[in-house]
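So the sequences go chain by chain: E and R.
Under our numbering, the first residue of the first sequence is numbered 1, with each subsequent residue one higher.
Under our numbering, the first residue of the second sequence is numbered 1, with each subsequent residue one higher.
Calculated from the structure, these hints are not laboratory results.
Where hints are given, some of them may not hold.
To be verified - Every beta carbon over 12 Å from chain E, so not counted as near; a handful from chain R, in silico:
#1 G33
#2 V42
#3 P55
#4 S73
#5 R76
#6 A92
#7 A146
#8 I150
#9 L162
#10 G174
#11 P188
#12 T216
#13 E287
Claimed, not checked - Computed beta-carbon distance windows for the label pairs:
#14 R:L222 to E:V45: 24 to 34 Å
#15 R:L39 to E:V209: 54 to 64 Å
#16 R:T229 to E:Q40: 22 to 32 Å
A virtual CB, placed ideally from N, CA and C, is assigned to each residue, including glycine.
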Amino acid sequence: MSALPARVRDTEAPQPRTGADPAPSRPGRSPRRAARARLQVFRVVVLVLTGAFFLIPLLAMLDFSTRVFGGPGRTGAAWRLLVTDPLLRGSILTSLVLSLLTVVGMLVLLAPTLIWVRLRVQWLARTVEFLCLLPLTVPPLVVIVGLTNVTLWLSYLFGDTAYWLAFLYVVLVLPYAFRALDAGLAAIDVTTLAEAARSLGAGWGTVIVRVIVPNIKTALVSASFISIALVLGEYTFASLLNFETLQVAITQQSKSNAQESVAASFAAIAFAALLLVGLSFVSGGRRGGRTVSPAPTPSPVATGSGPGQPGAGQPGAQQSSPSPSSPGEPR
Amino acid sequence: MTTAASPAPTAAVRGATAARPAAGPPRRRLPVGRLLAALGTVPFLAYLLVFLVVPTLTVVVGAFVQDGRPSLSVVRDLAEPAVSAALLNSVALSAVTALVGGVVGALLAYAVVTGPADGLLRRLVISVCGVLAQFGGVTLAFAFIATLGISGVLSVWLDAHLGTALTSSTWLFGLEGLVLVYSYFQIPLMVIVFLPALDGIRVQWREAAENLGASTWQYWRLVALPLLTPAFLGSLLLLFANAFAAYATAAALVSQGNPIIPLWVRAALTSEVVLGHQNFAYALALEMIVIVALVMTGYSLLLRRTSRWLG
């Protein structure tokens with residue numbers, strides 16, 4: 001990467017005093033070196049401070065959940081409760097099933113639509129994109145307020161079960177899943193693939209299921225991972241509709257056993273982190289060293305990160321780059 | 001009627017008074033094929049209609065209805081002192097956390113960008129930020145309760161060693177606490193949205209400035225900062241909307257009172273009648289929509305501005 005040294009250079013910036021004039025005529029390089037040293041100090045300080053800010057609460061959770069109050073030593077009692085406490089165990093199961101249903105619903109609804117739009121209905125592309133990203137602008141809290149009638153119908157049709165929450169969660173994960181799938185589709189030449197298959201006699205169904213879908217496997221996996229992570233962390237819908245999902249159970253449990261809640265929280269974070277890091281490997285693995293394209297389109301910005309659910313960024317950041325940096329990805 | 005004599009396509013544009021030819025052959029075929037193909041998107045559109053568009057419209061309409069007839073009385077209740085104080089708190093909370101998250105996040109992003117472009121550090125920070133930006137909600141609240149709560153690990157340690165009084169303070173469960181806790185997901189979000197803008201700064205611009213005799217300070221003041229400003233402001237707006245709409249963290253942390261608007265929505269939803277109105281949740285939700293929509297509009301305007309140079 002020839003850009004490297006240069007990039008490092010243009011970073012003396014935050015210290016305006018550095019080598020006040022970069023007088024190119026002067027042979028001595030020491031002002032530059034001093035500037036670089038200062039930059040290194042700046043980087044280390046920032047990274048250490050923010051690192052501490054992010055790490056301390058996580059470590060504190062580990063410590064808190066294994067502490068013996070009023071005595072020395074450690075205990076794994078709170079962690080054992082994750083499996084033995086029926087409320088928590090049931091809620092974990094509910095959340096896992098919900099995330100599975102959401103993934104299925106999302107894939108069935110979104111993947112064929114996006115492929116179809118690219119193949120045949122290009123003129124609807126903007127509308128579909130707008131609709132997919134709309135949940136970022138409408139806070140989940142607002143959706144739940146307006147959904148009263150719909151939820152009445154859902155509980156009438158499906159009974160008093162948490163599982164129909166998956167219908168609402170599909171909308172919740174839509175923007176994130178959309179970005180993953182859209183990036184995956186942008187990375188392959190959908191039209192050519194479809195024309196080739198059609199000229200060999202394939203019908204539209206075959207084109208989608210046996211030609212396009214295998215080519216966007218990575219994107220499908222990414223979309224599923226991010227959906228699972230979001231559903232496992234979802235609290236707003238479940239708590240306001242009084243369903244005992246994982247997050248709701250964690251809050252309920254905190255009143256009787258704070259350690260158990262903290263242990264469950266940590267487990268939930270760890271699992272979500274695994275999923276999301278796995279996602280970055282799935283989507284970043286094929287790119288080799290080319291993580292940085294010179295000017296990645298600011299599509300994580302462009303599409304808008306999420307108000308509502310904190311953080312839209314990651315799938316966007318991870319996903320947006322495949323298109324510019326590796327045009328012919330899976331093929 | 002000159003139309004019949006002039007089949008040229010420009011005729012329709014030129015002659016505003018002329019009646020358009022009834023059957024333009026190339027126009028005829030398209031809509032049918034188009035509409036048939038568009039049928040494929042109907043399930044998707046219908047789904048979103050039911051689960052996203054209708055709820056939003058329900059809120060907008062419901063806010064102006066009282067006892068089955070149009071009325072402004074529900075919306076007027078937003079001016080109630082307690083509610084408007086909550087709105088003020090919400091805005092202040094969002095603004096402060098956006099600023100804190102924005103500045104710290106930009107510094108962190110800068111520290112990352114100045115490192116090797118495909119180094120381990122960069123990958124690590126981006127991955128971690130991706131996870132942490134998602135890490136809102138209940139789990140985050142408990143992370144901070146375990147750290148700085150009444151029996152939190154850090155509270156106990158600080159009280160023992162520095163003589164603070166954190167173990168007997170409930171500051172974490174008020175607005176100050178929310179500022180700290182929100183920063184935990186605002187900073188990583190800032191890193192993620194601001195990094196592409198920093199990446200977009202070209203080395204050549206720096207070199208060009210130097211060739212023209214600019215000092216480092218001049219380069220930053222006259223070139224880099226003006227280029228980055230729209231991206232930075234846009235990111236701040238995004239962070240603002242993010243904090244304004246956040247609910248779960250506050251809901252898990254704050255159990256007494258309704259200091260911010262999302263918690264008023266909770267109160268209005270769970271207790272049916274607030275301030276004597278059944279529809280009050282609609283009015284509150286409308287208020288949230290309006291503010292978030294305004295902020296997001298500003299965001300997308302700034303974004304367009306950003307992409308002019310840093311795209």
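message: For I150 of chain R, is the shortest CB-to-CB distance to chain E above 12 Å, so the non-interface label stands?
response: With a cut-off of 12 Å, I150 of chain R comes too close to chain E, as the shortest Cβ separation is near 10 Å.
**Asked** Any Cβ of chain E at or closer than 12 Å to P188 of chain R, or is the non-interface label fine?
**Response** P188 of chain R not clear of chain E: closest Cβ-Cβ about 7 Å, inside 12 Å.
Verify the CB-CB distance for L222 of chain R and V45 of chain E against the hinted window 24 to 34 Å. Distance hint for L222 of chain R, V45 of chain E holds at roughly 27 Å.
Per the stated criterion, does the least C-beta distance between A146 of chain R and chain E lie above 12 Å, as a non-interface residue requires?
violated (4 Å)
Is it true that T229 of chain R and Q40 of chain E lie within 22 to 32 Å of each other by Cβ? Holds: the Cβ-Cβ distance is about 27 Å, inside 22 to 32 Å.
Just double-check P55 of chain R for me: nearest Cβ-Cβ distance to chain E has to come out over 12 Å.
violated (3 Å)
- Message: If I take the minimum Cβ distance from E287 of chain R to any residue of chain E, is it greater than 12 Å?
- Response: At roughly 10 Å from the nearest Cβ of chain E, E287 of chain R sits no farther out than 12 Å, so the non-interface label is violated.
Regarding the assertion that G33 of chain R does not contact chain E, is the least Cβ-Cβ distance greater than 12 Å? G33 of chain R is in fact no farther than 12 Å from some Cβ atom of chain E, at 9 Å.
- Looking at T216 of chain R again, its CB stays over 12 Å from all of chain E? Contrary to the label, T216 of chain R does not stay out of reach of chain E, its closest Cβ about 6 Å off (not over 12 Å).
Would you say S73 of chain R is clear of chain E, with no C-beta pair closer than or equal to 12 Å? Since the minimum Cβ distance to chain E is about 18 Å, S73 of chain R lies beyond 12 Å and the statement holds.
- [ ] Determine whether the non-interface label on A92 of chain R survives the test: each CB of chain E must be over 12 Å from its CB.
- [x] holds (17 Å)
Closest CB-CB distance from G174 of chain R to chain E, is it above 12 Å? The assertion about G174 of chain R holds, with a minimum of 18 Å to chain E.
In this structure, the hints that do not hold are numbers 1, 2, 3, 7, 8, 11, 12, 13 and 15, in rising order.
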